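Peer 1: Chains as they are written, first to last, in my numbering: chain A, 257 to 548; chain C, 257 to 548.
Where hints are given, some of them may not hold.
To be verified - Listed next, the in silico DSSO-like pairs over lysine-lysine satisfying Cα-Cα at most 27 Å (straight line):
1) A/Lys421 / C/Lys288
2) C/Lys358 / A/Lys420
3) A/Lys288 / C/Lys420
4) A/Lys358 / C/Lys358
These aren't lab readings, by the way, just hints derived from the structure by calculation. As the structure is a prediction and not an experimental result, all values here were calculated from the model.
There are 2 protein chains.
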Amino acid sequence: MNLTQFQAHYEPLIQKELAELIDALSIPASLKESMHYSLQAGGKRIRPILLLAVLHELGGEHPEALKVAAAIEMIHTYSLIHDDLPSMDNDDLRRGMPTNHKVFGEAVAILAGDALITYSFGVVARLQHVSSDDKVRLIDLMSVSAGAEGMVGGQVLDIEGEEKKLTLAELEQVHRLKTGALLTYSILAGAILGKATPEEMLALSRFGEHLGLAFQIQDDILDVTGTSQELGKTAGKDESSEKSTYPSLLTLPKAKEKLDYHAAEALQAIQALGGEKGLLEELTALIVKRKN
Amino acid sequence: MNLTQFQAHYEPLIQKELAELIDALSIPASLKESMHYSLQAGGKRIRPILLLAVLHELGGEHPEALKVAAAIEMIHTYSLIHDDLPSMDNDDLRRGMPTNHKVFGEAVAILAGDALITYSFGVVARLQHVSSDDKVRLIDLMSVSAGAEGMVGGQVLDIEGEEKKLTLAELEQVHRLKTGALLTYSILAGAILGKATPEEMLALSRFGEHLGLAFQIQDDILDVTGTSQELGKTAGKDESSEKSTYPSLLTLPKAKEKLDYHAAEALQAIQALGGEKGLLEELTALIVKRKN
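Please model the complete structure; the sequences and the hints are all you need to start from.
Peer 2: And the structure:
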């Protein structure tokens, strides 16, 4: 199965899992609608696909991989809802649609995000076919990746970075935390479910680190070279806000070089893995070449 | 040890545990300061004390009870930070001090809340002296109590309830979720750490339910009868906003009757417990008689 087939197979299943997990909750209608709205707004589902691809390449299958993948997508979605708020990035559009707070108001948007991050831990805690030891590992890493030492810390640095010119090292730190941490978590969660060896975990962790940086550099590049229609969000926003980005700190050609470097390192990291790695190689190429 | 001695012994330890847990994080300075600020703002620490008291009454000690108690206080504090935001209750004062967003701005306040709820799961996942099975139970219940089917759902109902007159059943549902869920969780977490029997869990769960309602009825009563100085927050806010409360739906004397009823039911529930229950009886009395 190539990546296109893999995505075509799993995307509707991810969508269905997300819908079912939210439908299973006995909660106020407005809250449920708001959670569904942002989860069903589409997106590339890169994190769930990464988890499933790692599991697949490790030769594993897991009856509840989709649940863990969905939990990670919930965390990603919560972070988007909160990042889009007026007091943060103040975005009106996300994936080509009005942002959550534009539709449901700020209070419900904040609470929908709170509900998603909190639920994601419960989804993992309630898995039926994962040992308690592995659930605890999944939850521990989830908390670090999503929390103050990961995504939340990255968002703080990102906001504070808007008011000053960052060094390249500072910019890289923002991205390691804000984007890299959860991408790497998706990979490691697949590795845990796939019973990876410590060596495989290490290789996959390095893969995730470089993939995350490549992902973010491409994001910065697209903000310069893409159109709002392609991106499904306002293009050129970084430049007009004088935000530090790879192109602004390095020039566009040098940013593209750095993108290629991290993509090559990501590919290098997984050479240590036995067995298949076609899906992970294709995913790396996709992240480098994506238009949105 | 009576309750006053128990509180005097544990309050500084809870404070210290909270400070240490946050200090252990490698995170941006502003985020750390914001998390410390709200955690150190005091408050009655009712949830940690409940957990510790239940554990004590069950005849148990646990080397990491303070960590779990601190995790619960983090969840409580996160909910206060988010509830106080301009788009929610828009409160400027909390425990007699400026609210988090007044000091650190809305963006950092939202993110400090996000960091606290996410960290609380990690704190439990990383306990050293609790079995993985018990950690998973603690995390599962924590997710339900704090999430969409608990506190978050209660806050949504509370906000939506401001625009209409609630029935008594609706008001009770708001409080069961918004306040009761986490109070009951504190009790059950103590029970899990104290290796309670299923019968004891059930009795303590009933205790928590009635205690939570008593707590909230007293909160509503204090909003009518207390002063801003006593409360450390704006008094009379419910009445001026025409919010549905026990006094407004029932009259003040009938609200007091209902308070006494739930306090009596709480005390009745713990008669089934063997051993000591003096601390829990005193806690019930404290909640009924408190002035803030």
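Peer 1: Need the list of violated hint numbers for this structure, in ascending order.
Peer 2: Those not satisfied: there are none.
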